[in-house]
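Chemist: Working from the sequences, and respecting the hints, build out all of it.
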Amino acid sequence: MASNPNHTRANALPQRPHAQHGQHQASSHQGQHQASSHTHAASSKASSSQSNLSAQVKHYEQLREQTVQAEAAMGFEHVCHRKATTDEIKANLILQQIKQEDLAIYRKHGARPDSLGQAHEYFYGDHFLSNVGLIEQTALFKLCQAMPKGAHLHIHFNANLAPGFLLGIAKNMTAMYIWSSEPLTDRAAFARCRIQFSILGPGELKAKNPAGAANLFSRGYKAYPQQEKGCGWMLFKDFFTTFPSAAGQVQGVDSNVDRWLQHKLVFHEEETHNSLQTADGAWKNFNTRTQMMKGLFNYKTAYVRYTQACLAEFARDNIQYAEIRPNFMQTNQVWEDEGSGRLDNEAIMRLIIAEYEAFQQTHRGKVFKGLKIIYCTPRSFGKDMVRLALNECLKFKRMFPEYIAGFDLVGEESKGFPLRHFTEEFLQFQSDCSAAHVSIPFLFHCGETLDKGTDTDGNLYDALLLGAKRIGHGFALAWHPLLMQKMKERGVCVELCPISNEILGLTPRVGGHAAYTLLANNVACTISTDNSTPFQSTLSHDFYQIMAGKRDMTLFGFRQLIEWSIEHSCLESAKKIKVKREWEAMWDAFVAGILKGAFGGRQAGASSSSSVAAPSGGGPGGGSGSSPGSGPGSGGHHVVAGHGGVSNGRVGSSSQSQGQGQVGGRGGGGRAQAGSSTAASSGSRQTRK
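Note that full-length UniProt numbering has the sequence shown beginning at 1, numbered continuously upward.
You may find that some hints are simply not true.
[As the list claims (entries may be wrong)] Using C-beta positions, here's what the derived DEER-type ranges look like:
no.: 1; residue 1: M329; residue 2: R420; range: 20 to 30 Å
no.: 2; residue 1: Q361; residue 2: G212; range: 43 to 53 Å
no.: 3; residue 1: R398; residue 2: Q291; range: 30 to 40 Å
no.: 4; residue 1: Q330; residue 2: A585; range: 37 to 47 Å
Hints are computed from structural coordinates only; laboratory data are not their basis.
Every residue gets a Cβ at the ideal spot worked out from N, C-alpha and C, and that includes glycine.
Modeler: In structure tokens:
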């Protein structure tokens, strides 16, 4: 009989053995019951706890997804993603597949050792100059070439073509001369020397070479104290014919004159990324190259042929509109071919306009639809010179109203005067423009620096207060939160130049670029090249790099950057609407080409295993599409949807320089061929929501 434990303890009487045994059994049964109850309770509690934890984890994941989506809604891709057509969503997933497939190109290239013997593999998003040859093998790059890019808004006009182009013209000029900073007699001198070119007429030549013709390969050739303005100029034709034998006698020097000169004109990986290099050092190298290029550019034949080729290059790279930045100053005017006289700034304006209008006589806006000119003068000039430049800019706006876009100061920002130095001149200019009933916006270079708390990044304040329409580079804007917010509110657009900023020392790799902070805050930005020639790049390369720096960037991001480029251009309203409408038709054809497999990836609807669905969650990066496909080379001839295909040729390169003088990787894919393919049918155009 089971007794009440409390009763048993209360009486505490001795028990007979059998009674004790019965009590023991009862106690055992009670203990088992209690243990079972405790176990059941613990199990229930654990189950409840696990259920609560699962609910908490689920709630946490929901909160996390909401936070991710809330942040994405603040970013730059959101609007284009929200309005995307079904075809664009499918095309984006294919683009993500293409990116994954392209990684094989980097993996296959293996690794290389550093100075300490550590092996480093090539990878997507690494130094541009390390990767340029690999980039041009990828399907993503071919997609970037084919993409209609809208407006190109930050181009220094004298540095937009492959380096061999101007050299090829120069060697046929009878009055072209070459100068070196030292005699070319040993390996170190060939590597270290600075080179310049100039057209010299008889009178100028006599002043430059009072002792007679110079020989750069002679030990008697002297580096004069004022060599840039003094003696030591050799006829370029003589240099060209003498170079192979002279260089061939020096061990370790390339005796191919085309290749050697082109090598001098462009940046290289080792000099750009060595452990001692700085932004200041990179700018010194840049200035040396622009001085070398100046004499190759500023004479009539070169200027005319360069302008023609530059316009063709815009079309080849599928650009619809451009605002070019020539330099206007007394010391940089264009020579007649024999050095007998110069074209003044007005004549240069007329030359560019005439060549553009002649180009459109045959091109008829098939790809490239418009051109304007940003009046630029050096920021190193004093107030009087800048005042004259502002007055001439206004004069040109009256003379050529549809061609003048705006005004800018150019040159290394930290070495020239800050914007506030010219406050009085700028305010007077705005007053003069208002009185003349014209609009000439400021399009200032500013914030192209790593400096903080200096006049250089302080230029951002002045750009805002002076009402700039756009700013060039704007790298420092990311650490000025108030200015960033104010510029966003006022619709100031930032002209991003990712490759330029990397090579000139603002970021070691594109992933560290300030662009992504600006874009995450939905600051309007565009993509530009800055100076293509020394960087071995095209606008297609810059678009590739901006994609490489943000692993979850999408086709919608590309679309937003392009739409902003048109929106923030200086086109007149009616022309802007027309260009935007024509660009949209080209974009639809481009998207159709992606869906048809023109660049690799899985074609939409190719099979049930590769069907492409809209990404869940609504975030701009939804769906990576990373399953392996047919490889980076799939897509056959990479047929371009819209206008353009892919060509191995380069603008203006002679057969000699094409065979021997290509630099980096631009020779095989750096230039897209425009107008060579039929636009892919876009079918019935879908309405964006």
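Chemist: Does the Cβ pair M329, R420 satisfy 20 to 30 Å?
Modeler: holds (22 Å)
Chemist: A range of 43 to 53 Å was offered for this pair. Does it hold for the Cβ distance of Q361 and G212?
Modeler: With Cβ atoms ~48 Å apart, the hint holds.
Chemist: When you take the CB atoms of R398 and Q291, is the distance between them in 30 to 40 Å?
Modeler: holds (33 Å)
Chemist: Between the beta carbons of Q330 and A585, is the distance compatible with 37 to 47 Å?
Modeler: holds (45 Å)
Every hint, counting from the list given before, is met by this structure.
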